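Got chain F; can you put chains R and W with the ligands on it based on the hints?
Residue numbers (my numbering), protein chains in the order written: chain F, 1 to 266; chain R, 1001 to 1248; chain W, 2001 to 2631.
Non-contacting residues of chain W with respect to chain R, defined by C-beta distances greater than 12 Å in every case (computed): (1) K2295; (2) S2331; (3) T2350; (4) A2455; (5) G2499; (6) D2575; (7) L2606.
Within a straight-line C-alpha distance of at most 25 Å, the following computed PhoX-like cross-link-like pairs (lysine-lysine) qualify: (8) K2617(W) x K2293(W); (9) K209(F) x K1143(R); (10) K209(F) x K1247(R); (11) K1143(R) x K1110(R); (12) K209(F) x K2112(W); (13) K1110(R) x K132(F); (14) K111(F) x K132(F).
Hints are computed from structural coordinates only; laboratory data are not their basis. Owing to the predicted nature of the structure, the values given are computational and were not obtained by experimental measurement. Built from N, CA and C at the ideal position, the CB exists for glycine as well.
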Amino acid sequence: MTASTGPTGRARIEARTLRTDRWWLSPLLTAAGLTAFVVYGLVRTFANAHYWVPQYNYLAPFYSPCLSEVCVEGSAHFGRWFPDLGWLITPPLFVLPFVLGFRFTCYYYRKAYYRSFWLSPPACAVAEPHSKYTGERRFPLVMQNLHRYFFYAAIPVASVLTYDAVIAFKGADGGVGIGLGTLIMLVNVALIWAYTLSCHSCRHIVGGKLTHFSRHPVRYRLWTLVSKLNGKHMQLAWASLISVGLTDLYVALVASGVLTDLRLFN
Amino acid sequence: MSYKANFRIWRGDDEGGELADFVVEVNEGEVVLDIIHRLQATQAPDLAVRWNCKAGKCGSCSAEINGRPRLLCMTRMSTFTEDETITVTPLRTFPVIRDLVTDVSYNYVKAREVPSFKPPEGLKPGEYRMQQVDVERSQEFRKCIECFLCQNTCHVVRDHDENKESFSGPRFLMRISELEMHPLDTEDRVETAQADHGLGFCNITKCCTDVCPEHIQITDNALIPLKERVADRRYDPMQHLFRRIRKQ
Amino acid sequence: MSEIERHAYDVVVIGAGGAGLRAAIEAREQGKRVAIVCKSLFGKAHTVMAEGGIAAAMGNVNSRDNWQVHFRDTMRGGKFLNNWRMAELHAREAPDRVWELETYGALFDRTKDGRISQRNFGGHEYPRLAHVGDRTGLELIRSLQQQIVSLQQQDFRDSGDYEARIRVFAECTVTELLKDDGAIAGAFGYWRETGRFVLFEAPAVVLATGGVGKSFKVTSNSWEYTGDGHALALRAGASLINMEFIQFHPTGMVWPPSVKGILVTESVRGDGGVLRNSEGRRFMFDYIPEVFKDKYADNEAEADRWYTDPDSNRRPPELLPRDEVARAINSEVKAGRGTPHGGVFLDVSTRLPAEEIRRRLPSMHHQFKELADVDITAEPMEVGPTCHYVMGGVEVEPDTAQSRVPGLFAAGEVAGGMHGSNRLGGNSLSDLLVFGRRAGLGAASYVDGLSARPAISQSDVDSAAQWAQAPFNAAEGGEVENPYTVHTELQQSMNDLVGIIRKGGEIEQALENLEQLKIRARNAAVEGHRQFNPGWHLAIDLRNMILVSECVARAALLRTESRGGHTRDDYPGMDPLWRKQVLRCEADGDGIAVTSLPQPEMRSDLLDLFEREELQKYYTDSELAGHGELP
Ligand SMILES: Cc1cc2nc3c(=O)[nH]c(=O)nc-3n(C[C@H](O)[C@H](O)[C@H](O)COP(=O)(O)OP(=O)(O)OC[C@H]3O[C@@H](n4cnc5c(N)ncnc54)[C@H](O)[C@@H]3O)c2cc1C
Ligand code: SF4
Ligand code: SF4
Ligand code: FES
Ligand code: FES
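Pulled out of the complex, with its shape left as it was, chain F reads as follows (with noise of 0.2 Å):
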C-alpha cells in the first residue's frame, strides 16, 4: 500500500482505512446483484427455448428482436437475417453485444463495477489494492468513451421492447386483450425507456453540449427533463436490469407452462 507511507510526507496510518461503518456492503451488494444477473443471462441464452408465448403474443425481452433462422414460429417480427449457425449461436447473441455494450460501458455500471469487482476503490477513503493506476486513458478502457453508440444503437432496441409490449394486448381469442405478463412487459419497456433516455450520453446530445441554452429553448426544455431523469439513473439502472430479469423469467414460465399467465381481460 502506497498511501499511508513512504517519502510523500503524508501522515503515517497504517491501517487501510479508519472508517467503522459498513463500508463493504454496498460493493458486496452490488457484485451479487451484477454476478446473478450475468449467471441468469447466460443460462437463458443458452437454453434457446421457452421465450415465446403465441396466444398471448408474449416475447422475452433477451430473445427479441429475434433475427435468426432458428427462432420459433411466430417470434420472428422483424425477419430472420442470420442463418442457423448451430446450437452454439443461439439468437441473443446477434443482439446482446449491443444491449450489453450499452450496459457496460454505461457511467453508472462503470462506477458499479469499477467499485465492487476491480476494487478501485471498493468505497469512498478505502484505500485500493493495486499498485499502479491508469483509469480510463488506455486501450481498452479508452473505448468506454464511446459509449454514445451504443446510446443509439439502444434505441431502436427499446422501440423493439415497445412493439413487444404493444402486441402483446392480444387476447386468447386473437383479439384484444390484457394478462399479467402484457402489464409486465409495459413496465418493463417504461423502465427501460427511462434507463435509456437518462444516459449521460443522451443528456449531452440533447442540450448538455450548449453553451446558451436560451438560444435553445426546444432543446433546454429536453434536457431540463432528462436532466431530472438523469438524476435518478442509478435506480433506474437497477429497475431496469431486475425488471429485464423478471420480464424474461415470466415469460419463460409461462413459456415452459409452469405458470399459466393470470388473465385480467380476454
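The following block gives chains R and W with the ligands in isolation, referenced to the frame of chain F:
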C-alpha cells in the same frame, strides 16, 4: 445534557505520529470542532487544527472523522453514540504539517494551471448580458468552498501519489467544466482537460460527489459532461466528420 | 538572532479578503511587485462568509436608483457621521467595481433582460444588492482570487515565473510594521506553519485585515478577526476613528449554544421574512423611530404590499437599519417576550413557498438544517443580535486611502469613516472593492513618488522578533496564564459591559478589567514549539484584541449620546453636537489616548441632496443656516 466522549486524535508530523486518546466533555448541539477547541483550551494547547468560519463556509477545517473525509465544523456530535470512540485524523492525501493540519499546496498549484476566464473582446464592463438559465450550471460549481475534501478522497491521487503530477483532481476538472459552460468565456479547454489535467484518470466512481459538503453534483454535472465534450472532440469519428464538413 | 527570511516588494498587502485582493490587483496593474500576506489559506478570508450581496446603484431592477440615492441612504444609515467624501466615492464607483468583477468571470444572479439582478436590503431605498443566492462573498473572493491567478498566468507567459509580480504568503501573520524616519519601511511576521520569522522590505503597506469581532463573545466573526490591522496601525503611529461604533447584526443564531452568533443573512428579511415575538406579534411596527416614520409602513397590510409594489407603499419595518432592529430585538427579549432560547422568531416559512426558499436562501436552509435541525421552509428560526462589524478603523485620506503614516494605507473593514456610526448591509463588499482599488492605486503612486527606498534597522527587527517570541518566555516571569482563559474573559467582559447597550459605569468597569487583562496577557504562556502552535498564535493575537478593545471602551465612554452602533442607556438620545465630532484613538504608552476632532463639513451640492426637514433631525439649526431655505 453533557457527557464524556472518547476521542482518538492523530498527533504528529511528517516524521511520525500516533493516535492519542482523550476523554473530553461534550454538550448539547456541539460539533466536532467544538470538541477540538475544548481540547486546546483544557488539555492540549498546541493541538494544531485549521479552521476559520465555523459555519461550513470557508472550507478550512477538512479532516477525516472515523475514516470519512468531513468538515469538522459541520459534523454534529449527535451523529455519534455516546459510547462511540471518535477518531480524527488529518487528510490522507496531502503531506502532513502537524496534527490535523496538512499541506494543501497541491491544490493551489493545480488551480494555477487551469487557463483562466477569457472575456469576450469588445464587451466593456457593464455590457455583459447573460441569461439566468445560461449561468446556472456554472453557478452550481461556483458554490465550491475549496475544502479539498473531494481532492483528498479521489482514489486517483489518494491511493497513487505518483498521479498527482498529471491529475488535477475533481475540484479543478470541475473548474474547467465551469469555464466551458460559462456563456461568455472564449477560451477552449477541452483538449487540455484530457491532455494536461488528466480527466481520463477519473473512473467516475463518485467519491468526490459523496464527500462534497456543498452537495455539488461533481461527477454527474461537471465530470461526465466534460468527458462527453472530450469524446466529441477526441473520440467520436462522426463528430470529426461533422466538424470537417462544417468547416468547409 | 538567527538569519531571517527576507523579501523585497514594492507593495505589501496585509490581508487577502476583498479589500486586500482588489488592492493587490490594482498595484500589480500599475506595474508594482506585490506581496499578499494572510493569516489563513488563500481564498478563506472572512469575505467568503458574506452572504447577502454587494450594494451598487446600477439601477438594473429599479431604474430610479442612482449614486445620489445610494449616497443618501449611506449617510442616513450612518446617522450622518460618515466621512462624506468616502461615502460619495463609494456610491459613485461601486457600479464600476461590480461590473469589473464580471470581467474576472463572476456570475451574479440575473434579471430577465440578462443584467445583474439586485435585491432589497435594510436601509436601501431600492433593490440594490447584486448577489449570488446567499453566497455573494464567496463569489466575490473567488472572482478576485481567480483574477490574481489570471495575472500570474500572464506573468508566467512573460517571465516563466508565476510569482514574478504577485506572490501570496498564506498562513503568515504580520506582527509588526517597521518604519524608517517616520515612513513605512516594511513588515515583520511569522509563518504559522513553521513559526519562522519573515521580513518584508517594502516602502508601502496596505492594511486590509478586516475587523475586531473576536473580542466579543457572541459574534458572527471568525478567529481571524482579532483587530490585528487596527493594532498594527496604532503601534505604527497611525490613528483610529469611530471605534465606539460596533455593529450588532440583529439576526444571529441563538441555538444550539455552540453556534450562537453565526449569522442569519439579512436577505431572509429582504425576501419577505418577518420578525415575531413569543406572542406572535410583528413587533417591529412598535419600534419605528421618529426619523424614519415617513419611509416605513406602520401596518402589516401596507408592509406586505411593498414587496410587490414598492413605489406606492412604504417598506416593512423589518428592513430598518440594523442598529434599530437589533435594539428592538434586545428590548423584546428583555421584556420577556423572547423565544425559549432567548431570541425572537424570524419566519419565512409562512411567507414564501418552500421551493422558493430553497432557491433563494440555499445556504441558510443548509445551515439551519445541519447545525440546528431546523427546517426553515417549515418552521421559524430563532435569532438574536450578534457582534458583526466594526465601523471604526484606521483614519485615512478618502481619495488615496493613506493613513497618517506615510506609506501606510488601509482599506476594507480595517479602515474607518466610510460607514459613520452604522453600516448598511451590502455596503461593505462594495467598500472593499472601491477602497481596495484606491488603496492599491494610492500605494503605487506613493511608491512612484519616492526618491529612495526606505531601510529597515536591525534593532527594529530584533525587537519585533523578541515581542513575537515573548509568550514562550512568559513562564519565567512567575504567575502563568492560559491564553485561552484570558481570551474567554475578555470576550465575556466586552460582551456584557461594552456590548449592544452600554452604561457609563459598566464601561468604566470594562476598562478596569482591561487593565487587569493586559497584565495577565503579558503572562500568557505557551507550551511546545513554534511549529503550527495555536496557543502561541492566540497569545500574540490577544495583545491586539486587548489594545483594540481599549479603543472601543474609551471612545464609548466619551461619547455621551446614542447613535448607530453605539447605544448609551444613560444617554439615549442622539445629540446634534456630537454629530460634528469624531473620536480619534492613538497609542499612548501601552494604552490609548482619545481626542475629539471636528467632522469635515459636507460639500454643499451633496448637502443639497437632502430635504431640510431630514437634515434638521441630525444637524443643529446654526449649521443649517443658509441651506435649503425657501427662496
Ligand atoms: C457572516 C457575515 C456576513 C456578511 N455579509 C455581508 C454582506 O452580505 N454584504 C456586505 O457588504 N458585507 C457583509 N459582511 C461584512 C463583510 O464580509 C466584511 O466586512 C468584509 O468581508 C471584510 O473584508 P476585508 O477585505 O476588509 O477583510 P477580510 O475578508 O476579513 O480579510 C482579512 C484578511 O486579513 C488577513 N489578516 C488579518 N490579520 C492579519 C495579520 N496579522 N497578518 C496577516 N494577515 C492578516 C486575514 O488572514 C484575511 O486574509 C458580512 C460579514 C460576516 C461576518
Ligand atoms: S468520480 Fe472521478 S474525480 Fe471523482 S472521486 Fe471518482 S475518480 Fe476521482
Ligand atoms: S467541490 Fe465540494 S468537496 Fe470539492 S473542494 Fe469544492 S466544496 Fe469541497
Ligand atoms: S446508459 Fe448509463 S450513462 Fe448512458
Ligand atoms: S471552519 Fe469554515 S468550513 Fe469549517
